[in-house]
Amino acid sequence: MAATRRPGLTRRQRENRAGLAYLSPTLIVVLVVVVLPVLWTVMLAFQRIRLINLRRAGVFGQYTLANVELVLTSPGFWSSLWITIVYTVGATLGSIAIGLVAALALRGRFPGRTFVRASVLLPYVAPVVAVTFVWEILLSPQFGLANNWGTRFLGWDRPIAFLSQRQHEVSLLGWHFDIPLALLTVIAFEAWRYFPFAFLFLLARLQAVPAELEEAARVDGAAPTQIFRHILLPQLGPVIALLTVLRFIMTFNKFDDVYLLTGGGAGTEVVSVRVFNFLTARFDIGAASAQALILALGLVVLLVIYLRYLAPRVEGEDR
Amino acid sequence: MIDRAAVETRVLRVLRWVVIAGLVLVTLFPFYYMALLSVRPIEEVLQNPGRIWAAPAEWTLSTYREVLSPAAGGGQGFLRFLLNSAIVSVAATVVTLLASIPGAYAVTRLRFTGRRQVHFLFLAVYLFPSILLAIPLFVLFTRLGLRGSLFGLTIVYVAQTVPVSIYMLRNYLTTIPESLEEAAAMDGYTRLQTLRKVVLPLAAPAVMANALYVFMIAWNEFLFALLFLVEDRADWTVSLGLAQLSGGIEVSKTVLMAGSVVLTVPIVIIFFAAERLLTEGLTAGADKG
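Residue numbers (our numbering), protein chains in the order written: chain A, 1 to 319; chain B, 1 to 289.
Honestly, the hints are just simulated from the structure, not real lab data.
The beta carbon of each residue, even a glycine, is placed where N, CA and C say it ideally should be.
Don't take each hint at face value.
Among the chain A residues that face chain B by a calculated CB cut under 7 Å, a handful are [stated by the list, open to error]:
id, residue
1, S79
2, A126
3, V129
4, T151
5, A223
6, P224
7, N277
8, A288
9, A292
10, I294
The following label-pair restraints were derived from C-beta to C-beta distances [said to hold, decoys possible]:
id, chain 1, residue 1, chain 2, residue 2, range
11, A, Q235, B, I2, 23 to 33 Å
12, A, A204, B, I52, 33 to 43 Å
13, B, S62, A, F283, 35 to 45 Å
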């Protein structure tokens with residue numbers, strides 16, 4: 001045993017070396033594929049670079065604020081940012097609300113619970129390309145099931161183009177107003193796809209709530225809504241806060257879902273889709289980088305605001 | 001006076017079943033509809049878009065034939081895409097585990113300089129917008145000639161999943177009593193031997209769950225596959241192939257659904273198999289105490 005230990009090193013130093021050695025493959029991959037590219041994005045964002053003159057791009061290129069200026073003043077940027085925020089907030093709240101209802105409903109025992117719990121997770125684990133196509137086909141104005149049944153059973157005058165119509169007029173109690181239809185559809189999709197994520201977290205937390213607590217309240221004659229409000233909700237608070245942060249970040253950065261459903265059309269162009277379009281349609285790498293950077297900065301700012309003012313509980317939670 | 005608790009209990013008992021039924025319907029119906037459309041003849045679908053049932057006698061498998069047969073034979077060549085997806089996903093899973101098992105052990109058990117910073121770095125990677133990463137990687141891989149190679153794509157998947165993987169494994173490793181490792185050290189095991197012969201067998205359920213998680217991420221991924229592989233059809237993964245199929249003319253929706261089924265089925269099988277495997281693995285560990 002002593003032979004394997006090199007002389008001259010304390011136990012502490014050996015542990016230090018082993019730790020770094022064990023972690024080194026991970027660190028190298030993350031450094032090369034994530035950290036360096038991100039730093040490079042920052043550089044690219046301040047240079048005039050298109051795919052054609054990429055070879056000339058280097059650390060000592062000419063730095064300029066032109067990209068940032070171009071992005072901030074380009075038509076559609078601010079509306080795109082606003083759309084991203086609406087989309088993110090809507091999808092985050094939607095997925096957590098549905099996840100909470102699902103967790104409460106599937107908490108107790110019932111025949112077939114294992115099967116139901118597993119199938120509820122399907123939207124989350126299924127490939128995004130496949131599920132977006134099914135939604136597209138279900139909602140299609142020509143041969144979609146939703147429109148077919150809507151016109152047949154719900155008395156719609158004509159098919160509704162859920163994914164390609166920017167505004168849709170609805171009348172409610174004599175009031176007429178427009179709703180951003182495609183955006184709402186995309187939000188609904190996102191809530192559908194990610195409620196299982198919230199469901200998993202919330203169910204795990206619900207099962208850790210001591211049964212005696214609820215039992216005692218029930219014996220005292222508390223109604224289920226009172227038990228929820230005064231016993232379960234306080235226990236779930238930190239998890240809900242954490243979920244809000246996680247889902248917010250994930251949705252804010254989301255690309256594939258919107259890209260596959262609408263391609264960014266009909267008032268659904270979120271910033272990540274815009275970045276992609278800058279990159280592939282215009283090959284304007286500098287402008288795309290600047291835009292991506294603004295996305296990341298926006299995210300950081302919103303998070304700081306959230307953590308600072310809205311969710312003091314989270315800080316204690318994940319330390 | 002009507003008792004509020006009794007009324008609510010009764011109402012919620014009914015409501016709960018309504019919610020359960022609703023959830024099952026909403027989550028399973030799209031998948032059922034996907035499978036259904038994939039076997040219905042397209043003419044019939046266009047005539048009766050509202051039907052949600054088709055007798056087995058009406059089924060056609062020509063959609064699957066078109067999707068799976070090679071492009072040279074007039075099909076869409078999905079067998080080839082399945083192979084590509086499998087190669088990338090398996091490779092990403094293996095490499096991720098090879099990096100994350102020792103990595104997770106290091107952050108759980110060993111004190112080394114920069115341990116706290118490493119956590120922050122991993123959290124940042126997990127939460128980072130992948131579109132921001134897409135630009136420099138697109139440029140970098142173009143320069144290195146790695147764009148358009150399955151190898152390059154695998155590396156990207158590894159980098160994106162390793163941090164989460166380490167995090168998940170760490171949560172499990174902390175539950176393994178340290179005294180076991182100390183005992184192994186007393187028996188003359190080196191650190192690497194302890195990791196392989198003591199920690200790894202105990203952590204098997206977590207490692208398995210992790211492997212499936214990484215596999216799913218890699219199998220389902222779309223953005224980087226689109227950016228890196230789109231130019232050469234021979235390299236496409238199933239997700240990319242399916243997305244490109246939808247843009248193609250003369251591809252009927254039923255063929256598209258057959259492609260979706262081909263893409264989804266492996267994940268669903270793995271998912272339902274893993275559910276059982278996971279609970280078995282965890283309960284097996286539990287009675288050992």
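Outcome of the hint check:
The interface hint given for S79/A is violated, since its Cβ lies 18 Å from the closest Cβ of chain B, which is over the 7 Å cut-off. About 5 Å separates the beta-carbon of A126/A from the nearest beta-carbon of chain B, less than 7 Å, and the hint is met. With a cut of 7 Å, the hint placing V129/A at the interface with chain B holds, because the nearest CB-to-CB distance is about 5 Å. A cut of 7 Å between beta carbons decides the hint on T151/A: the least distance to chain B is about 9 Å, and the hint is violated.
At its closest, the beta carbon of A223/A sits 4 Å from a beta carbon of chain B; the interface hint therefore holds under the 7 Å criterion. At about 5 Å, the closest approach between the beta carbon of P224/A and any beta carbon in chain B falls short of 7 Å, and the interface hint on this residue holds. Evaluation of the N277/A hint against chain B yields a violated restraint, the C-beta minimum of about 11 Å exceeding 7 Å. With its C-beta approaching chain B no nearer than about 5 Å, A288/A sits inside the 7 Å limit, and its interface hint holds.
Of the supplied interface hints, the one on A292/A holds, with its beta-carbon coming within about 4 Å of a beta-carbon of chain B, less than 7 Å. Given the 7 Å rule on beta carbons, the hint for I294/A is violated: about 10 Å separates it from the nearest Cβ of chain B. Checked against the hint of 23 to 33 Å, the pair Q235/A and I2/B passes, with Cβ atoms roughly 29 Å apart. For the hinted restraint 33 to 43 Å between A204/A and I52/B, the CB-CB distance of approximately 35 Å keeps it satisfied.
Hint check: S62/B to F283/A, Cβ distance near 40 Å, so the stated range 35 to 45 Å holds.
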